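**Student:** Order-wise, the sequence lines are chains A and B. Taking the working numbering, the leading residue of the first sequence gets 11, the next gets one more, and so forth. Taking the working numbering, the leading residue of the second sequence gets 1266, the next gets one more, and so forth.
Simulated from the structure, these hints should not be mistaken for laboratory data. These numbers come from a predicted model, not from an experiment. Treat the hints loosely; a few may be bogus.
Between beta-carbon pairs, the in silico distance windows are [as the list claims (entries may be wrong)]:
#, chain 1, residue 1, chain 2, residue 2, range
1, A, 273, B, 1290, 35 to 45 Å
2, A, 89, B, 1334, 19 to 29 Å
3, A, 152, B, 1297, 51 to 61 Å
4, B, 1533, A, 322, 34 to 44 Å
5, A, 148, B, 1285, 15 to 25 Å
6, A, 90, B, 1502, 21 to 31 Å
7, B, 1301, A, 70, 49 to 59 Å
8, B, 1302, A, 89, 56 to 66 Å
9, B, 1301, A, 192, 49 to 59 Å
10, B, 1504, A, 65, 37 to 47 Å
11, B, 1351, A, 301, 51 to 61 Å
12, B, 1347, A, 241, 11 to 21 Å
Partial selection, computed: residues in chain B whose CB lies under 10 Å from chain A [what the hints assert, rightly or not]:
#, residue
13, 1339
14, 1378
15, 1379
16, 1439
17, 1441
18, 1474
19, 1488
20, 1490
Quick reminder that beta carbons are idealized off the backbone N, C-alpha and C, glycines included.
Given next are the chains, with one letter for each unit.
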Amino acid sequence: MVDRILGRGRDGKDARDGRDAREGKDGGDARDAHDEAPASQTPEEAKAAVWNRVQLARNLRRPRILELLAVIADEFVELHGDRLFGDDEAIVAGFARIDGHRVAVIGQQKGADTEENVRRSFGMPHPEGYRKAMRIMELAERSGLPVVTFVDVPGAHPGPESEERGIAEAIARSVGLMTRLRTPIVTVITGEGGSGGALAIAVGDVVLALENAVYSVISPEGCASILWRTRDEAPTAALAMKMTAADQQALGVVDQVIEEPADGAHTDHEETGRRIKVAILRELDRLAAIPVDLLVEQRYRRYRSLGAYTELTGPAPTPTVPPRGGLADRLRGLIEAGQRAMPAPLQVGRRDEPPAREDV
Amino acid sequence: MPMKFPSFRSRRESFPEKMWTRCPSCEEQLFNKQLERSMNVCPSCGHHFRLPAPVRLGQLLDEGSFEERDSGLVSVDVLGFVDQKAYPDRLVAAGLATGLRDAAVWGFGRIDGQPIAILVMDFGFMGGSMGAVVGEKVARAAEGALAAHVPLVIVSASGGARMQEGTLALMQLAKTMAALERLRAAHVPYVSIMSDPTTGGVFASYAAMGDINLAEPNALIGFAGARVGADTIGQELPPGFQRAEFLFRHGFVDRIVPRPDLRRELAQVLRYLVPSWQEASRG
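Go ahead and model the full structure; you've got the sequences and the hints to work with.
**Tutor:** Now the structure itself:
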């Protein structure tokens, strides 16, 4: 019959119960996604609410990995370079001590002003950034350190030099490495979770997200320009993609949402950091108790089970060649004959035109 | 990413029966019979036409050797995604146009007598975009290759992850890479063949990660859309940017193989990749 796998990170109920129990413990820093969505919202209101979150996620004063580590970590040693090409300042990586836990930390860092943004290429990593991240992850595995990643990225750098040096290969390799890394991984989506550039450091055993963080397969502007043919429909696309932290939790992509201070994370870095710290410490303790073989197997199953499909049984798929000879076909034949008769035939074979593409 | 979704009509126009096709590259009018004989490569300029999955399988595999697996998988519209058309309607239209249930077909077959697991993508189905079904089939193909101890071959043709499935489509990058990492750990070889186009999340996961990467001439292969890149960065793009030859020059493709040589060259590299214990166990 129908074999249905919904996007649930774990075996649904157990994980959910565990999550509830954990929420109880830390006194309401985390909350369930479903508290929030008001039942009676018009589509326009819903769109505005989502777009407001996208703006908050992109707020220039939102804390990035360095600002958060200043609050969270007792000590931070930044490490540089991918040993292959250079050092990408769009990704910050190193060792940190958090409340006595020694961990490896990795995250994207956007700049606070124009000068810093040029240096950090607006927080869009090049391949060398992800290769530095992989180097630190492998080092963490060998040293028995858990990995904590902080995700805030519009997307990987889309320029020619990024392609030349293999941005797709770097992302693929990093994602692959994380699926098998033999040490716990805690991921926190703190701002923009922009597609492959985010996922490359976001394949965690557990994925946390700040309340106003967003996560999507493509930027809402990119999605709108392809499907609605105008970037102006970005809020519509943002709503359709269900990119808020709460929606992502409902889909099973995010495990837990961390509430932000009243007016957003950018208004209070201290309090935001404190709440993230509580959540990270709890997850580090929980994951440390799991034998590493089981941990890696659970991580494999988490990502292996994401995505929804059904399986149809019964008759074979529809024929490759659709039945011919209907009225529509005859009409089409006439039209095509007409086109052929014209001196400058209409362009055919449109599927061979270069496609409009987008970053993923 | 998904791009222009070819409509029912445009696909039919590409290969109408008993008619000719205009080469989009050199504008030569080609008889379809002639085009078929030349493996859908333009005899006058060498333009490689995009191939429906069944045609690709027919060109690569020994005749009658293909056994399809998991043909019943279909996507579920979890997000309730509606743009100018509802996602379920797009799926139905794509199914009618291609005769497929999603953008990938996988199964076991033989090439020059050597057993392989093979997955072929079809750009005609929603731009070959990767959603849960494509990701699941790639993972099952990798697991199937691992269980049967036969090499895995994947022929990519895709605009990237399927927007209509949101981050669940993005998660297919992790799903497919997780399965491929296990294949690699077990020393089972994987050959990736990139055809026009191989972009976005498909390029940034399994397509880029073959033990051997082959590409068809002039295939569009890239991570970010050239337009997006130019918009975001405000930079001039180098000539031939994101073509197979560009990737080859920068070291990400082992060989660029014209389609008429593809079957022979694939069989040739597979003979080096299959460990001798397997030869023995088969003999």
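**Student:** Confirm or reject each hint.
**Tutor:** Going down the list of hints, with the structure as the test:
1. A:273 <-> B:1290: 35 to 45 Å: Once the Cβ atoms are compared, 57 Å apart, the range 35 to 45 Å for residue 1290 of chain B and residue 273 of chain A is violated.
2. A:89 <-> B:1334: 19 to 29 Å: 45 Å, violated
3. A:152 <-> B:1297: 51 to 61 Å: Hint holds: Cβ distance 58 Å, inside 51 to 61 Å.
4. B:1533 <-> A:322: 34 to 44 Å: 38 Å, holds
5. A:148 <-> B:1285: 15 to 25 Å: The hinted range 15 to 25 Å is violated for residue 148 of chain A and residue 1285 of chain B, with Cβ atoms some 56 Å apart.
6. A:90 <-> B:1502: 21 to 31 Å: With Cβ atoms ~30 Å apart, the hint holds.
7. B:1301 <-> A:70: 49 to 59 Å: Check passed, 58 Å falls within 49 to 59 Å.
8. B:1302 <-> A:89: 56 to 66 Å: Given range 56 to 66 Å: holds, Cβ gap about 59 Å.
9. B:1301 <-> A:192: 49 to 59 Å: Roughly 51 Å apart at Cβ, these two residues keep to the hinted range, so it holds.
10. B:1504 <-> A:65: 37 to 47 Å: The hint (37 to 47 Å, Cβ to Cβ) holds, given that residue 1504 of chain B and residue 65 of chain A are roughly 39 Å apart.
11. B:1351 <-> A:301: 51 to 61 Å: 46 Å, violated
12. B:1347 <-> A:241: 11 to 21 Å: 19 Å, holds
13. 1339: Interface hint status for residue 1339 of chain B: holds (6 Å vs cutoff 10 Å).
14. 1378: At 26 Å from the nearest chain A Cβ, residue 1378 of chain B fails the 10 Å test, so the hint is violated.
15. 1379: 26 Å, violated
16. 1439: 4 Å, holds
17. 1441: 9 Å, holds
18. 1474: 5 Å, holds
19. 1488: 4 Å, holds
20. 1490: 3 Å, holds
Taken one by one, the earlier hints fail for this structure at numbers 1, 2, 5, 11, 14 and 15, listed in ascending order.
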